[in-house]
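Given chain S, put chain G in place with the hints provided.
As you go down the protein sequences, you meet chains S and G in turn. Position in the first sequence (first residue = 1) + 73 = the working numbering. Position in the second sequence (first residue = 1) + 224 = the working numbering.
Treat the hints loosely; a few may be bogus.
To be verified - With the C-beta cut set under 8 Å, the calculated list includes, among others, these residues of chain S facing chain G:
{"hint": "1", "residue": "103"}
{"hint": "2", "residue": "104"}
{"hint": "3", "residue": "106"}
Since the hints were made in silico from the structure, they are not lab data. Positions of the beta carbon are idealized from the N, C-alpha and C atoms, including for glycine.
Letter by letter, the chains look like this.
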Amino acid sequence: MTRRTAPRAVLLALAELLAWWAALALLWLVLITSVDTLERIVGASCAAVGALLARAGRRAVTWR
Amino acid sequence: MNGWILAATVGLGGGGAAALWGVTTGSPGRRVIAQNLTTSAVCPALLLLSQGYGRPAYVDLALLMALLGPVGTLVFARLLADDLADERPSAWGLTWAAAGLAAAVVIALCVAGGPGRAMVKLLVIGALLIGGNVIASRALAGGFREVRGG
Chain S
74 MTRRTAPRAV LLALAELLAW WAALALLWLV LITSVDTLER IVGASCAAVG
124 ALLARAGRRA VTWR
Chain G
225 MNGWILAATV GLGGGGAAAL WGVTTGSPGR RVIAQNLTTS AVCPALLLLS
275 QGYGRPAYVD LALLMALLGP VGTLVFARLL ADDLADERPS AWGLTWAAAG
325 LAAAVVIALC VAGGPGRAMV KLLVIGALLI GGNVIASRAL AGGFREVRGG
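If we strip away everything but chain S, and leave its shape as in the complex, we get:
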C-alpha cells in the first residue's frame, strides 16, 4: 500500500528548495565578474542542482 505524501509536506519541501535556490542564485550573481544572459542561465541551473544537494545534506544532518 502506498502512502500519499501530505500536501503540506510537499509545499514545505518546495518552499525549502526555492529558498535554497534563491540564496544560491544570489550568491552566484554576486561572485561572477560580468552579468549576462549566459551567466544567468548557468547560474540558475547550478543553483537548482545546489538546492537539491543542500536539502539532501540538511536532511542527512537533521535526521537522526
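This is chain G only, laid out in the frame that chain S set:
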C-alpha cells in the same frame, strides 16, 4: 608600488613568515595552530594585492583560500584528534587579532571600492574568512568534542 601593495608586503612578510616559523617548529599543537593562522595572514594580503594591482579577478584566489583554508584545518583537527586531545591547542589572542586584520582589510577595500556587487563579494569573503577561522580554532581547542564520533 602603492599603499595597497606595501600593506600586502608587510602582511605577507610579517604574518607569512611568522606562520611559516610556527609551522616548522615546536609541538604538533603549535604547528597546527600556525597552519590555521596561515589562511588569516595570506588571504587579506591577496585581497590587498588584488586592489594594488587593479585586478579584481585576483579576489577569486582569496575567496577560494577563505573557503578551503578552514576546511583543511578541520580535516587536520579530525585526523590529529587523538594527538591533540591532551594538548587542546588554542591561541585565542592570535585568532582574534587575525580576525581583526581581516575585518580591517575588508572594510578598507569596501570603502575604496564603493557600493556594488564587488563590495558584497568582499563582505562574503570576510565573513567566510573570519567565521571559518574562529570555527576552525574552536575545533582545534576541542570545542566540538560532542561531534567527534561523526
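Checked hints:
Annotation: interface hint on residue 103 of chain S holds; nearest CB of chain G at approximately 5 Å, less than 8 Å. For residue 104 of chain S, the interface hint holds, since its Cβ comes within 8 Å of a Cβ in chain G; the closest pair sits about 6 Å apart. Because the closest C-beta pair between residue 106 of chain S and chain G is about 7 Å apart, less than 8 Å, the hint holds.
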